[in-house]
Amino acid sequence: MIKLNISDDTFLNDIATLLEEGYNIEQAIFGIPYMSRDVLLEIQLGSNPIEALSLVEFQYPVIISLLGSASNADYRENVTRIKTVANLIKKRNEAIKEKENLVKILNRRLKIIRIITLVTIAIIGGIAPFFSGIYSFLKNGYSKYTFNLLSPMSISFLLINLLNNYFLLSISKENRISLKLIITSIVHVAIVLSIKILFGGVVTF
Amino acid sequence: MKQKKEVLILKEYTIKNSESEKFYNIISKIVVETLLVNIQFKKVKAFIFPEHIKKLVRRSNIAFFSSISILIIQLLVIKVNLLLTIVISIITYITIVEISALSTISSILRQKSKFDEQTFLFINSLSMSMTAIQSLPFALEMINDFDVQNLKLKNFQKNLMFQLNLNESETHVLEEEKNFFEYKEYQQAFSRIARKESFIESDPYFLNKIKREMNAIEDNISIFIAFSSLLPLILSLIVSIVLSSDSFLIFLFPLLYSLIGSLILQFIQFNNFGEKNDKTEHF
Numbered sequence: 001m002i003k004l005n006i007s008d009d010t011f012l013n014d015i016a017t018l019l020e021e022g023y024n025i026e027q028a029i030f031g032i033p034y035m036s037r038d039v040l041l042e043i044q045l046g047s048n049p050i051e052a053l054s055l056v057e058f059q060y061p062v063i064i065s066l067l068g069s070a071s072n073a074d075y076r077e078n079v080t081r082i083k084t085v086a087n088l089i090k091k092r093n094e095a096i097k098e099k100e101n102l103v104k105i106l107n108r109r110l111k112i113i114r115i116i117t118l119v120t121i122a123i124i125g126g127i128a129p130f131f132s133g134i135y136s137f138l139k140n141g142y143s144k145y146t147f148n149l150l151s152p153m154s155i156s157f158l159l160i161n162l163l164n165n166y167f168l169l170s171i172s173k174e175n176r177i178s179l180k181l182i183i184t185s186i187v188h189v190a191i192v193l194s195i196k197i198l199f200g201g202v203v204t205f
Numbered sequence: 001m002k003q004k005k006e007v008l009i010l011k012e013y014t015i016k017n018s019e020s021e022k023f024y025n026i027i028s029k030i031v032v033e034t035l036l037v038n039i040q041f042k043k044v045k046a047f048i049f050p051e052h053i054k055k056l057v058r059r060s061n062i063a064f065f066s067s068i069s070i071l072i073i074q075l076l077v078i079k080v081n082l083l084l085t086i087v088i089s090i091i092t093y094i095t096i097v098e099i100s101a102l103s104t105i106s107s108i109l110r111q112k113s114k115f116d117e118q119t120f121l122f123i124n125s126l127s128m129s130m131t132a133i134q135s136l137p138f139a140l141e142m143i144n145d146f147d148v149q150n151l152k153l154k155n156f157q158k159n160l161m162f163q164l165n166l167n168e169s170e171t172h173v174l175e176e177e178k179n180f181f182e183y184k185e186y187q188q189a190f191s192r193i194a195r196k197e198s199f200i201e202s203d204p205y206f207l208n209k210i211k212r213e214m215n216a217i218e219d220n221i222s223i224f225i226a227f228s229s230l231l232p233l234i235l236s237l238i239v240s241i242v243l244s245s246d247s248f249l250i251f252l253f254p255l256l257y258s259l260i261g262s263l264i265l266q267f268i269q270f271n272n273f274g275e276k277n278d279k280t281e282h283f
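For the protein sequence lines, the chains are B and R, in the order given.
All letters in the first sequence, in the order written, are residues 1 to 205 by our numbering.
All letters in the second sequence, in the order written, are residues 1 to 283 by our numbering.
Warning: the hint list may mix true and false statements.
Said to hold, decoys possible - Computed footprint of chain R on chain B, listed as stretches where at least three residues anywhere in the stretch have a Cβ under 8 Å from a Cβ of chain R:
| # | region |
| --- | --- |
| 1 | 28–38 |
| 2 | 116–130 |
| 3 | 151–158 |
What the hints assert, rightly or not - Here are the computed lysine-lysine pairs in the DSSO-like style, where the Cα-Cα straight-line distance is at most 30 Å:
| # | chain 1 | residue 1 | chain 2 | residue 2 |
| --- | --- | --- | --- | --- |
| 4 | R | Lys55 | B | Lys111 |
| 5 | R | Lys178 | B | Lys83 |
| 6 | B | Lys83 | R | Lys114 |
| 7 | B | Lys173 | R | Lys112 |
| 8 | R | Lys178 | B | Lys3 |
| 9 | B | Lys90 | R | Lys154 |
| 10 | R | Lys112 | B | Lys104 |
| 11 | B | Lys180 | R | Lys154 |
| 12 | R | Lys43 | R | Lys54 |
| 13 | R | Lys45 | B | Lys83 |
| 14 | R | Lys154 | B | Lys83 |
| 15 | R | Lys55 | R | Lys154 |
| 16 | R | Lys114 | R | Lys45 |
| 17 | R | Lys184 | B | Lys91 |
| 18 | B | Lys91 | B | Lys3 |
| 19 | B | Lys91 | R | Lys178 |
| 20 | B | Lys99 | R | Lys211 |
| 21 | R | Lys184 | B | Lys99 |
| 22 | B | Lys104 | R | Lys211 |
| 23 | R | Lys114 | B | Lys104 |
| 24 | R | Lys114 | B | Lys111 |
| 25 | R | Lys112 | B | Lys180 |
| 26 | R | Lys54 | B | Lys83 |
Think of the hints as simulated: they come from the structure by calculation, not from any bench.
Glycine residues also receive a C-beta, built at the ideal position from the N, C-alpha and C atoms.
Working from the sequences, and respecting the hints, build out all of it.
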């Protein structure tokens, strides 16, 4: 099968303009500059132009039957039919392309939001052990700062971060959710540890 | 071999049947059908399939067992007072059910948007092949070559072909079957296909929906960011003043967060869904 370097709707539009100028289908196929030489050779050897066109691989196979019926009827009607099919193909391709673009933009925005919230929650999670000294300070008058990754507070912050990421991933309809959640947990732990190293020596209760 | 297969099928059937009779299954079924399907999913009730209900029941079973195990652990190991333990276990049950409801809602909406896209492509390719071939039965047959992946649409197409093979008039069949499509513009386009009026839509509905979803997320995302970064801060401050850092009651705090978060997200998604239905009625 031969593939043309041009989309189906522009091919149909070119054929329609050539038919409007008064050519028949055979002449119109010869008039198209990007038509492959094998098809032209087939027609020159004497085969039916529609049979020769069936060598070309179109995205929409309706085109061949459309052009096949074009040789029978009035040329005006043929031109309008070919133009409407070209228009339909164009609309369809545009819609599919626009949808892909919109989904891409949406997912990109959600990804940015996911990363921002991941970092902020991890930072809050890193600072939170400083708050937990408040309770013992209020109760005993003094507090000792102890940071533990397995304490309920830090585990609950990790859970919150994972849940937040899960919600955003489920909105953006992504595939490998569990793998991305593992990555977020690793990033969270890294940020919390880095905050501990940065501020652990400075702030002492 | 055949007998063996039949025995296997019988065994599977009995296992499934016996599962459905257990008491926890009955409890979670009641919860799912009354709380979720009738109250929360009221707007998308038409798009809930038995698979979704099965999934929800399975997850609410998990929620039920996890909340009971939390209750036992609290009573025996941590020894907090009874009222608080019951409250905590109820909250865990509701949060797990709500999170599973959120995931099923998103899957339902995803299926629906895919179906809308498929209907657009279906009518587009039908009118394309209709202008090319100019005979409805042949045009319907040609759609096989296009991308009709949805089972519902395939059955619809087969039904149309069957009715046309019985020599019923084309306009009658098209008028009767046009209610398959949700939107009035699609219905009109479908009923006019036999009259050789081609279907060229300026702005397809499924694209509008994605745009609306994007706008809804844009509008509400500031709320979501503020919620997801400020609420943990405030909650952690309150929790750290009220509770000591070692107590296990701190685990209430992610549960509350997830409950509020899932409810907000459901609200956003349903709000978005409601808008779509309102706009279709104006045609």
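* Of the hints given before, which are not true for this structure? -> 1, 8, 11, 13 and 26
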